[in-house]
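A.B. asks: Sequence:
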Amino acid sequence: MPGDVFFWPGCVIFFLPVIIRCLFLFLFLFLFLFLFLFLFLFLFLPVIIRFLFLFLFLFLFLFLFLFLFLFLFLFLFLFILLLIFPDRFR
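The sequence shown begins at 1073 in the working numbering and counts up by one.
Warning: the hint list may mix true and false statements.
[Said to hold, decoys possible] Between beta-carbon pairs, the in silico distance windows are:
1) P1089 - R1122: 33 to 41 Å
2) L1150 - L1115: 41 to 49 Å
3) F1157 - P1118: 52 to 60 Å
4) L1148 - I1120: 21 to 29 Å
5) F1139 - F1108: 47 to 55 Å
6) L1126 - D1159: 47 to 55 Å
7) L1132 - C1094: 28 to 36 Å
8) L1099 - F1149: 17 to 25 Å
9) P1118 - F1098: 45 to 53 Å
10) R1122 - F1157: 49 to 57 Å
Keep in mind the hints are simulated off the structure, nothing from the lab.
Note that the coordinates shown come from a computational prediction; the quantities given were computed from them, not determined experimentally.
Note that the Cβ used here is the ideal one computed from N, Cα and C, for glycine as well.
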């Protein structure tokens, strides 16, 4: 069908803002959770355990950012490939 070529790019264009909003919502929720737990740890835990948890949370936070940006770049890269070569992805 002639419309099949434009089906997937149309879906990607339609769902791209939704996916970005969900990712940023997840990012902000994780950020608020991280800040809350970070403040809780620094108020109530001993010094050595604080630093252990600090490194753990920093590692998780960096991993989340890495995952978020890799996902966005991969998604946009596949979207560009889909626009350039629509017949390959039918």
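A.B. asks: What hint numbers does the structure not satisfy?
C.D. replies: Of the numbered hints, 4, 5, 7, 9 do not hold.
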